[in-house]
Each structure stands twice: as C-alpha cells, then as structure tokens.
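*Asks:* Take the sequences, apply the hints, and build the full model.
Residue numbers (numbering that gives the first Met the number 0), protein chains in the order written: chain A, 0 to 295; chain B, 0 to 295; chain C, 0 to 295; chain D, 0 to 295.
Don't read these hints as lab results, they were simulated from the structure.
Heads up, a few of these hints could be off.
[Said to hold, decoys possible] Label-pair restraints from in silico Cβ distances:
id, chain 1, residue 1, chain 2, residue 2, range
1, D, K214, A, R30, 48 to 58 Å
2, A, I2, C, I2, 42 to 52 Å
3, A, K203, B, S78, 27 to 37 Å
4, D, H291, C, D110, 57 to 67 Å
5, D, D292, A, K203, 45 to 55 Å
6, A, E134, B, R208, 13 to 23 Å
7, A, I2, D, P16, 31 to 41 Å
Every residue gets a Cβ at the ideal spot worked out from N, C-alpha and C, and that includes glycine.
Protein chains: 4
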Amino acid sequence: MKIDDVEIDDTYAEAFPVKMGRVVVTAATGRWALIAATEATGLGTSLIGCPAEAGIDSIIPASETPDGRPGISIIICKSKSEGIKEQLIERIGECILTAPTTAVFNGLESDEKVPVKLHFFGDGMEYRTQVGGREVYAIPIMGGEFICEEEYGVVSGVAGGNFFIMASDQLSALTAAEVAVDAISMIDGVITPFPGGIVSSGSKVGSNRYSKFMKATTNEKYCPTIKEKVEGTQVPPDVGGMYELVINGLDEGRVKTAMKMGISAAVKVPGVVKISAGNYGGNLGKYKLNLHDIMK
Amino acid sequence: MKIDDVEIDDTYAEAFPVKMGRVVVTAATGRWALIAATEATGLGTSLIGCPAEAGIDSIIPASETPDGRPGISIIICKSKSEGIKEQLIERIGECILTAPTTAVFNGLESDEKVPVKLHFFGDGMEYRTQVGGREVYAIPIMGGEFICEEEYGVVSGVAGGNFFIMASDQLSALTAAEVAVDAISMIDGVITPFPGGIVSSGSKVGSNRYSKFMKATTNEKYCPTIKEKVEGTQVPPDVGGMYELVINGLDEGRVKTAMKMGISAAVKVPGVVKISAGNYGGNLGKYKLNLHDIMK
Amino acid sequence: MKIDDVEIDDTYAEAFPVKMGRVVVTAATGRWALIAATEATGLGTSLIGCPAEAGIDSIIPASETPDGRPGISIIICKSKSEGIKEQLIERIGECILTAPTTAVFNGLESDEKVPVKLHFFGDGMEYRTQVGGREVYAIPIMGGEFICEEEYGVVSGVAGGNFFIMASDQLSALTAAEVAVDAISMIDGVITPFPGGIVSSGSKVGSNRYSKFMKATTNEKYCPTIKEKVEGTQVPPDVGGMYELVINGLDEGRVKTAMKMGISAAVKVPGVVKISAGNYGGNLGKYKLNLHDIMK
Amino acid sequence: MKIDDVEIDDTYAEAFPVKMGRVVVTAATGRWALIAATEATGLGTSLIGCPAEAGIDSIIPASETPDGRPGISIIICKSKSEGIKEQLIERIGECILTAPTTAVFNGLESDEKVPVKLHFFGDGMEYRTQVGGREVYAIPIMGGEFICEEEYGVVSGVAGGNFFIMASDQLSALTAAEVAVDAISMIDGVITPFPGGIVSSGSKVGSNRYSKFMKATTNEKYCPTIKEKVEGTQVPPDVGGMYELVINGLDEGRVKTAMKMGISAAVKVPGVVKISAGNYGGNLGKYKLNLHDIMK
Chain A
0 MKIDDVEIDD
10 TYAEAFPVKM
20 GRVVVTAATG
30 RWALIAATEA
40 TGLGTSLIGC
50 PAEAGIDSII
60 PASETPDGRP
70 GISIIICKSK
80 SEGIKEQLIE
90 RIGECILTAP
100 TTAVFNGLES
110 DEKVPVKLHF
120 FGDGMEYRTQ
130 VGGREVYAIP
140 IMGGEFICEE
150 EYGVVSGVAG
160 GNFFIMASDQ
170 LSALTAAEVA
180 VDAISMIDGV
190 ITPFPGGIVS
200 SGSKVGSNRY
210 SKFMKATTNE
220 KYCPTIKEKV
230 EGTQVPPDVG
240 GMYELVINGL
250 DEGRVKTAMK
260 MGISAAVKVP
270 GVVKISAGNY
280 GGNLGKYKLN
290 LHDIMK
Chain B
0 MKIDDVEIDD
10 TYAEAFPVKM
20 GRVVVTAATG
30 RWALIAATEA
40 TGLGTSLIGC
50 PAEAGIDSII
60 PASETPDGRP
70 GISIIICKSK
80 SEGIKEQLIE
90 RIGECILTAP
100 TTAVFNGLES
110 DEKVPVKLHF
120 FGDGMEYRTQ
130 VGGREVYAIP
140 IMGGEFICEE
150 EYGVVSGVAG
160 GNFFIMASDQ
170 LSALTAAEVA
180 VDAISMIDGV
190 ITPFPGGIVS
200 SGSKVGSNRY
210 SKFMKATTNE
220 KYCPTIKEKV
230 EGTQVPPDVG
240 GMYELVINGL
250 DEGRVKTAMK
260 MGISAAVKVP
270 GVVKISAGNY
280 GGNLGKYKLN
290 LHDIMK
Chain C
0 MKIDDVEIDD
10 TYAEAFPVKM
20 GRVVVTAATG
30 RWALIAATEA
40 TGLGTSLIGC
50 PAEAGIDSII
60 PASETPDGRP
70 GISIIICKSK
80 SEGIKEQLIE
90 RIGECILTAP
100 TTAVFNGLES
110 DEKVPVKLHF
120 FGDGMEYRTQ
130 VGGREVYAIP
140 IMGGEFICEE
150 EYGVVSGVAG
160 GNFFIMASDQ
170 LSALTAAEVA
180 VDAISMIDGV
190 ITPFPGGIVS
200 SGSKVGSNRY
210 SKFMKATTNE
220 KYCPTIKEKV
230 EGTQVPPDVG
240 GMYELVINGL
250 DEGRVKTAMK
260 MGISAAVKVP
270 GVVKISAGNY
280 GGNLGKYKLN
290 LHDIMK
Chain D
0 MKIDDVEIDD
10 TYAEAFPVKM
20 GRVVVTAATG
30 RWALIAATEA
40 TGLGTSLIGC
50 PAEAGIDSII
60 PASETPDGRP
70 GISIIICKSK
80 SEGIKEQLIE
90 RIGECILTAP
100 TTAVFNGLES
110 DEKVPVKLHF
120 FGDGMEYRTQ
130 VGGREVYAIP
140 IMGGEFICEE
150 EYGVVSGVAG
160 GNFFIMASDQ
170 LSALTAAEVA
180 VDAISMIDGV
190 ITPFPGGIVS
200 SGSKVGSNRY
210 SKFMKATTNE
220 KYCPTIKEKV
230 EGTQVPPDVG
240 GMYELVINGL
250 DEGRVKTAMK
260 MGISAAVKVP
270 GVVKISAGNY
280 GGNLGKYKLN
290 LHDIMK
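*Replies:* In structure tokens:
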C-alpha cells in the first residue's frame with residue numbers, strides 16, 4: 000500500500016488495555032492551565048520506568064468547562080484503578096493544587112469511579128459547594144480558593160497504539176513526527192505520552208547481552224546507524240532516520256483515528272519513505288491495529 | 000524597610016541542605032532540548048510528595064556545550080546522593096533518552112560523583128567515544144545515536160529559599176510572581192521547582208484537624224479569603240492575593256542573589272504591598288536568609 | 000443587565016463595513032506556519048496608522064488544507080478592494096514567500112476576486128500545476144518550491160466590533176482581556192488585530208488641544224488615572240483598570256458571536272466589574288452591535 | 000576551509016551602511032513586552048518591499064531597564080534618518096502604545112538623535128516626569144499611563160550581513176538555520192529581520208524575463224530543485240536544500256560575531272555540507288565580510 004508515494008507496511012500495532020483517568024484543569028488563563036497540566040503530566044512517558052503514563056489531551060474552551068474558565072484535559076494511565084487513584088492524588092496534589100489559579104474537575108463519565116480526597120489539605124477550613132452543577136470542595140490557599148471535584152471516572156482504555164516514521168534522514172523523520180503529533184493533538188481522548196509526543200529510543204523486551212538486570216533494551220533492528228551490522232534489520236537501505244509515535248486513548252476507535260490522522264500528516268513531509276508499526280507477534284496485546292485497515 | 004513603597008518584612012526564609020545533581024541536555028535545536036528538559040523535570044515540585052524536586056536551570060548557548068549544540072541545564076534535588084543517582088537514571092532514561100535528538104552531559108564539577116549507567120540500554124551495541132573532551136557512550140537508537148556521560152557530580156546545595164508576594168488582589172500578586180520567576184531564571188545554578196516557578200498553596204507541617212493522616216496542610220495564616228476568621232492571620236488587611244516562590248540553588252550565595260533579583264522585580268508591579276518569607280522559627284533549617292540583609 | 004455580578008452596559012459597539020481577504024498559509028509544521036503568519040500580520044493594528052488591519056484567524060488542521068500540511072488562516076482588511084490586492088502582494092511577497100517551507104492558498108469563497116501575481120518572482124522558471132484541486136504556481140526558491148494560488152476572494156466584512164472590560168485594577172482587567180482573546184480565537188472568520196488582541200490606548204476622533212495636526216488622541220473619558228479630573232468620565236469610581244477588544248469579522252454574525260464568547264469569558268475573572276462598548280453616537284457606522292441583545 | 004567536515008566557501012558577504020534606531024520596550028511581564036515587540040517589528044523583512052527592516056534584538060532583564068520592568072530591545076532600519084523617525088512614530092504609536100502595560104525608552108547612545116513626539120496623543124492630559132533618570136512623558140490611556148522617551152539615538156549600522164546554509168535536504172538545512180538564528184539571538188545589537196530569522200527565497204537584482212516591472216526575482220543559481228537546468232548553478236550536486244540568514248547589526252564587528260556564532264552552530268547539524276555567502280561582486284556594498292577571516 001502506498002500513500003503519496005510512501006509505503007505503508009502491511010503490519011499492525013499491538014496495543015493493550017490499561018486503566019485511565021481524565022482531569023479537566025481550569026485556570027485564570029489558558030496559559031496557566033497549560034503550565035499546571037505540563038507539570039502534572041511530566042515524568043510520564045512509560046509505565047516501564049515512570050510512576051504513570053500521562054499527557055495532555057485537549058484544550059477545552061472556557062464556554063465548555065464547569066467553571067467557565069479556560070481548560071485543558073489531561074489523561075493519566077496505570078495498569079490498575081488503585082494506581083489511578085494514587086497517581087491522581089499525587090499529580091493533582093503536588094502539581095495542580097500548587098499551581099496558580101487552578102481548579103480540577105472529573106473529565107470522564109464512567110460507572111467506575113475512584114475517590115480522590117483532596118479536601119483534607121484544607122485542614123477543616125474547606126467547605127462543600129457547587130460549581131457548574133458539580134459537587135466540589137473549596138479549599139482556602141494562599142492564591143485564594145482551590146476548587147476540586149473528588150470523584151474521578153476510570154475507564155479501561157487502550158495503550159500502546161503506535162507507528163514508525165522512516166525517512167531518508169533524521170530531521171525529515173523528526174519533522175514528520177512533529178506534524179503527526181500536531182494532527183493527533185486535535186483528537187479528543189488521546190495522548191502521546193513521550194516527550195513532545197515522540198519516541199526516539201524504541202525498545203525491545205529484555206536484553207541479549209545484559210539479560211540479568213535489564214528488562215528493556217534498544218531495539219537494534221530499528222536502529223539506522225547500525226543497520227549494516229544487524230542481522231534481520233528492519234531499517235530499509237534508503238532510511239537514515241526514524242521515530243516512533245505511541246498513542247494511548249480512551250477506546251480503540253480513538254486510537255485508530257489518531258493513527259490515521261498522524262500517518263496522513265506524516266506522509267506529506269519530504270523525505271518520508273515508509274510507515275510501519277510495532278508489535279510482539281500478536282501474543283501479548285489484546286488489540287491489533289492494522290495499518291492497512293486504518294488507512295484505507 | 001521599604002522598596003518602591005513596598006514593605007519588606009523583617010524576617011527570614013529558612014532553608015535546608017539537600018543533595019543536587021545537574022544535567023546538561025543538548026539537542027538538535029534549543030526547542031527540542033527544552034521539550035526534553037520539561038518532561039524530565041515534571042512531577043518535581045516538592046520532596047513531600049514528588050520523587051524529586053526538579054527544574055530547569057539555564058539556557059546554555061551552543062558555543063558553550065560539550066557537543067556545540069544548543070543546551071539547557073536542569074537540576075535534580077534529593078535528600079541523599081543515592082536518591083540523586085536513582086532519579087538521574089529514571090529521569091534521563093525515561094524522559095531524555097526517549098526524546099528526539101538529545102544528548103546528556105554532567106553539569107557539575109564536584110569531588111562527589113554518582114555513576115549513572117545508561118549504556119546498558121545499548122545491549123552491547125553501544126561504544127565508548129569522546130565528545131568535547133569528555134568520555135561518553137554512544138548508544139544506537141531509532142533516532143540515531145544517544146550520547147551520554149555516565150558520571151555526575153553531586154553537591155550539597157540549599158533548598159527552600161523562599162519569599163511571599165502579597166498584593167491587593169490575586170492577579171497583581173500573580174503578575175509579580177511571574178516577573179520574579181523570570182528575573183530568577185537568568186541566574187545560573189538555581190531553580191524554582193513549582194509549576195511556572197510559583198507556589199499557590201503554601202503549607203504548614205502537620206494538621207490541626209486531620210493530624211492522624213496528614214503530614215502537611217494549608218497554612219491558614221496565609222490564606223487571604225479567610226483572614227477575618229483566622230486568629231493570628233499573617234495576611235494584612237489590604238492584601239487580597241499572595242503567592243510564594245521557592246528557590247533551590249547550588250549554594251547559599253546563589254539563592255540569596257535569586258531572592259534579591261526576584262524581590263526587586265516583584266516590587267515594581269502595581270498592587271504589590273508587602274514581601275515576607277517563610278520559616279519554622281529557625282529550629283529546622285541550617286540557613287536563615289534574612290530579607291533585610293539580602294535587599295540592603 | 001448583570002452576568003456573574005458584572006454589569007453589562009446598555010449600549011452598543013458601532014462597527015463599519017470594510018474589505019477583507021483571507022489567506023491560508025501552510026508549512027512543513029504548524030510552528031513554521033505560525034511564524035510566517037505572525038510576520039505577515041505585523042504592523043497591522045489600525046487603518047489609522049498601519050498599512051492594513053491584519054491578524055491570525057484560525058489554526059487549520061493538516062487534514063483540511065489544500066496540500067495536507069498544517070495551516071493557519073490570516074485576514075487582511077482595507078477600506079477598498081484595490082488595497083486588499085496591494086497588501087496581499089506585499090505581505091505574502093515579503094513575509095510568507097520569504098519564510099521557510101510555506102505555501103499560500105485563497106481562504107475565501109467570493110464572487111469578487113483580486114489577482115495577486117506572485118509568479119513573476121520565478122523569473123520564468125516558475126510553472127503552473129495543481130495542488131488539492133486548485134490551480135497554483137510553483138516557484139523555484141532556495142528552500143525548494145513555493146506553491147501559491149493567485150486569485151483571492153474579497154468580501155465586505157465588519158470592522159470595529161468592540162467591547163470594554165472594566166476592572167478594579169489593571170492586571171485583573173488585563174487577565175480578563177487575555178481570556179476574552181483566547182475565547183474569540185476559537186471562532187472561525189474573526190481577528191482581534193491589536194497586539195495580543197488587546198487595545199490599551201483607546202482613542203477619540205480628533206483632539207481638543209492639538210486639533211491642527213492630530214487626527215486621533217486619547218479618549219480621556221476612558222482613562223482610569225485621570226477620572227477625578229475629567230468631566231463626564233465614563234470610568235466608574237470602583238474601576239482602576241480597563242482594556243478594549245476590537246474585533247473584525249467576515250460578517251456581522253461572527254463579530255457578534257465573538258463579542259458574546261469574549262464577554263462571557265471575561266466576566267468570570269475576579270475583579271471585573273463592568274462591560275461596556277464604544278460608539279460614535281450611531282452616526283458613523285453601519286452596524287450597531289447591542290451588548291444586551293448579544294448577551295441575552 | 001573545513002569546519003566539522005563542512006566546507007566553508009572562500010567568499011564574502013557584501014553588506015551596506017544603513018540607519019538604525021533601537022527601542023527598549025518594557026512591560027508588566029516579559030511576555031507582554033515580547034507581544035508588543037513582535038507586532039512592532041512585523042512586516043519588516045526587507046527594505047525592498049517593507050516600510051522598514053525590523054527585528055527583535057535582545058531580552059533585557061528587569062534589573063537593567065530604566066523602569067525596573069522586564070524589557071526587550073528592537074532595532075529598526077531605514078536608509079535615512081528621517082525614515083527612522085517616521086517608522087519609530089508609526090511602529091511605537093500603532094503597535095506599542097496600543098499594547099497592554101508597555102513603556103518605551105531610547106536604546107542607543109548616539110550624537111545623532113531623532114525626535115519622536117508621542118505625547119501629543121495625550122491631548123493635553125500628558126505630563127513630563129522622570130523614570131530611571133530619564134526625561135519621559137506620561138500619557139493617560141485606558142490601561143493606565145504610557146511612559147515614553149521622545150529622543151531616539153540613530154547610528155549608521157551594517158545591513159545585509161549574510162550566509163547560506165547548504166545541506167543534503169531541506170529539513171536539515173532548516174534545522175541548521177534555526178540553530179544559527181538561536182545562536183545569533185544571544186548577541187546584543189544584531190537582528191535577523193526575516194521570518195523566524197530565515198530567508199527561504201533568495202533574490203537577485205532585476206530579472207531576466209520580466210525586467211520591465213520586476214526589481215528583484217528569484218536567484219535561480221541558488222535553487223536546488225532546478226540545479227540541473229540552470230547554467231552556472233551554485234548548488235553543489237549533493238545539496239538538496241538551502242537557506243540564507245540575513246543579519247543587520249549596529250556595527251561591523253557585531254555582524255561578524257553574529258556570522259561566526261551562527262555558522263559555528265549550523266555546521267554541527269547533520270546533513271549540512273557547505274556554508275557560503277552572497278555578494279554582488281563587491282561593487283555595491285561598503286563592507287566585505289569574508290567567511291574565512293570570520294571563521295579562523
């Protein structure tokens with residue numbers, strides 16, 4: 000399959016179920032909401048080594064937030080609901096409660112909910128009230144009052160949607176990756192948790208050389224600089240640079256849409272020669288997101 | 000003491016020794032270095048609830064980095080050196096190694112060093128080389144080669160330098176805080192680890208009401224919205240909004256300079272009426288950073 | 000009329016017909032499109048002293064642009080169609096053709112069209128081709144090929160929609176203005192041409208003191224710092240800061256929607272006490288945009 | 000000559016004397032100063048088609064500005080001093096006076112000065128005062144008071160310093176150009192007036208084909224996409240993308256320093272193969288800025 004002269008590999012991304020929570024952060028201005036959301040989703044690229052996978056979902060106009068202020072939604076991912084609860088407490092408590100002018104609201108309708116008891120910080124000076132029809136606490140702080148909802152919906156989402164962008168050189172691949180991230184950022188309910196939305200260092204499970212202590216190591220079959228030395232390399236001869244995008248979304252449909260929008264934008268960038276995707280032979284993940292199905 | 004008609008309180012900030020490491024992140028452009036540095040210093044406001052205190056230190060011009068590329072230095076703080084090692088591995092490994100086009104170098108001359116073994120990710124395909132006169136590893140990854148130094152200096156720095164900005168209203172206080180953070184950002188070797196550099200929710204140790212399970216709660220004496228109700232409130236009658244800046248630096252002199260530059264910028268903002276600082280009566284911290292000494 | 004305890008003045012904004020053109024700028028990334036669009040819409044606040052009124056309209060996703068790349072639309076306003084033609088040639092030729100990786104397309108369906116002959120820059124090396132179903136020229140340049148459409152629709156739009164935000168202090172008024180600009184930025188087909196979308200120095204026609212050589216001077220009735228001295232001041236006693244937003248849009252409906260969204264966001268900001276609007280007694284402008292009608 | 004395996008062409012940039020003024024813009028925050036400075040320097044790439052050449056010079060810390068607020072300096076270039084006066088009136092009056100919270104100060108010590116009478120806007124309500132030891136006017140406006148100096152130094156500076164970055168592909172050349180602009184931005188007293196600091200469409204004087212009405216057309220000898228067709232092409236066989244940087248500075252030394260810093264940063268980017276420069280055979284410009292001299 001070819002789109003705009005770029006080969007779309009006949010393969011699939013293998014993705015996994017994961018628990019997700021979503022928080023709507025509002026603030027006095029959109030800029031302050033973004034600052035808080037950025038801090039709260041940092042150190043959140045991969046569950047292999049980070050406390051959570053986390054990222055910015057969407058900009059929410061003032062007209063659509065519970066308190067009528069500019070908002071941003073963020074998504075937090077953990078393997079279990081208990082982990083979502085613990086991460087929401089930490090990330091809201093340390094990074095949003097502490098940020099100027101913010102408020103937080105639940106961003107997910109769901110039967111499953113976790114309690115996120117933030118009001119104890121008020122030390123008895125807090126009080127219950129309503130904002131935009133929601134039950135919230137108002138906690139007195141230096142900056143005024145911190146408004147927070149305390150029940151957050153949890154859903155079983157899809158983590159690890161992905162595709163590879165292979166180009167003639169590193170900077171063409173990087174530009175294509177940036178364009179793909181921008182395109183995906185416009186879709187509600189998905190995040191690209193890696194830095195700037197892009198993975199530079201794809202990994203394989205385990206290690207050939209350091210298997211005693213390394214759970215994940217570089218995936219040498221996808222390393223352009225050593226393609227001549229690696230048997231079974233997956234880097235085509237004309238490829239000098241590649242990046243991966245990893246996408247987590249609230250459901251399979253959104254992840255597929257994100258992959259489609261991202262790939263469609265990436266193939267327009269000069270120098271891109273091939274799009275592929277990562278999987279583990281299909282034995283590990285519940286979801287097989289086939290590139291040809293998605294792009295047809 | 001008054002500066003530009005703003006009262007400088009006769010008090011001091013109480014600060015503490017803490018271990019610090021500094022990493023120079025370089026990338027293809029300054030923008031990509033910033034993206035990696037931002038992810039790597041996220042979830043890093045306070046050791047009370049975060050894995051580390053972390054922040055962006057300085058922009059380093061291409062002409063001054065080991066590899067001649069644009070750079071940014073970040074500072075990571077932990078109570079012990081072992082924690083610095085563990086946090087460097089996690090934050091570099093998950094947030095900078097994974098970010099496009101990055102490299103990392105030690106940013107601190109010091110007798111004490113911690114090893115940060117990143118090269119095992121190369122799974123035997125990595126090799127030793129030199130960049131800018133430094134011993135580094137080159138690890139093959141999707142994006143090309145990741146260059147990293149593996150020994151990082153650790154120093155005993157100063158955490159918890161701080162001051163309060165009190166203004167007639169919330170948004171004047173916030174503008175003053177933003178201006179102060181900008182002024183401090185130009186000083187080498189200091190970070191303001193909270194979101195946007197600003198603390199909105201100052202806390203006291205322990206709790207009056209929920210002491211069984213809360214280690215820190217709102218400092219009700221510094222809450223403008225409840226000043227009428229709180230006995231011993233420290234919020235002056237004409238103050239309607241306040242924010243705190245917390246500053247960590249490589250040594251006491253830099254923290255003092257940062258406080259001076261920040262306060263000098265803040266007092267220029269219309270609406271600011273008083274500058275104060277936070278302490279614990281002087282029994283907990285090694286450093287007493289007196290506002291009148293600093294500003295004279 | 001009150002919204003969220005903020006008084007909405009019983010008055011109207013007086014607006015005028017003006018000619019408008021719209022250009023879709025695409026580039027390798029959204030960031031480069033923004034850089035070009037910003038340069039091309041600079042020096043474009045008011046027809047009183049600038050060559051045109053100009054501003055950024057909307058972000059256009061890659062999936063919706065003629066060439067499948069990230070885009071931004073900009074709007075240029077002049078009193079006559081001939082002026083639109085001249086300004087498009089200048090602003091595209093000097094600020095977009097010269098910017099890296101850009102292309103330009105007509106952004107307005109309209110019976111009236113102006114020719115914008117850019118292809119002569121190709122000095123005979125240019126050629127006709129098609130992109131996204133549109134007839135374009137491809138001009139060889141250093142950066143590759145510049146793709147441009149050469150017929151641009153012109154419509155009779157509405158300029159000078161406006162409202163005033165009055166607050167207890169300057170920085171609350173400014174925050175409200177920023178929030179209002181953000182809200183308006185999400186509406187297709189409108190611009191706020193002043194710096195950051197905000198007017199700090201409202202003017203009246205003519206001058207009391209320097210009438211021989213000044214066509215416009217400060218509107219002293221809307222100056223908070225001299226309200227005690229000015230007879231007939233329109234600044235309420237409790238107002239210490241105010242800003243104006245000026246909105247130009249492709250039609251009256253869009254300008255009204257923009258005013259509604261902007262005011263709705265502004266009134267949520269603490270410290271805002273009153274919203275008003277500017278007019279000339281109704282004798283000069285074709286459009287009377289009544290605040291109570293708009294906000295009901 | 001080779002630096003980091005990149006060929007430095009044995010040629011020179013030909014540059015010209017031009018009149019320059021410099022304005023220090025301060026504001027409540029650095030961000031608002033930047034917004035005003037960006038609007039005021041827009042539509043300012045080239046004197047061939049713009050009212051002026053204009054750009055952002057340096058960020059000025061609050062501790063170094065006349066009013067103790069965050070600042071940005073901008074430089075305006077015209078062929079004659081009278082033009083500087085006229086452009087300062089227009090760009091300050093329309094784009095900075097109208098921007099929230101700004102003030103303006105002269106940014107150049109010089110014997111030659113031009114008067115920039117802004118105070119008439121105050122319509123008699125303005126008054127003289129002093130700020131930071133400078134004689135200024137305070138003009139009442141909606142946003143408070145606009146503080147402005149009215150005498151601006153003018154110097155004879157150097158315009159048209161330049162170099163070309165040639166790379167294997169467009170996006171490598173663009174990344175190198177971006178890095179070079181960042182490096183140059185740290186030098187006081189220079190601007191790169193084109194969009195994002197980069198020229199995508201280098202031009203020659205006159206036209207081969209449309210000489211009757213075109214004063215400048217594409218420089219076909221520097222167009223990678225037609226290099227096979229153009230006799231005497233200056234694009235090497237292995238070059239697929241190139242960009243130019245144009246640098247204006249207060250004196251020859253600064254322009255040379257800027258060229259050196261920019262080139263030094265650019266050659267570190269993978270894919271860059273050659274650096275050259277543009278001249279007119281040496282008959283037009285007063286300054287010949289030789290690449291080998293500059294880089295040795």
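*Asks:* Are the hints correct? Go through all of them and say.
*Replies:* The hints, checked one at a time:
| no. | hint | result |
| --- | --- | --- |
| 1 | K214(D) with R30(A): 48 to 58 Å | 43 Å, violated |
| 2 | I2(A) with I2(C): 42 to 52 Å | 50 Å, holds |
| 3 | K203(A) with S78(B): 27 to 37 Å | 35 Å, holds |
| 4 | H291(D) with D110(C): 57 to 67 Å | 59 Å, holds |
| 5 | D292(D) with K203(A): 45 to 55 Å | 51 Å, holds |
| 6 | E134(A) with R208(B): 13 to 23 Å | 21 Å, holds |
| 7 | I2(A) with P16(D): 31 to 41 Å | 53 Å, violated |
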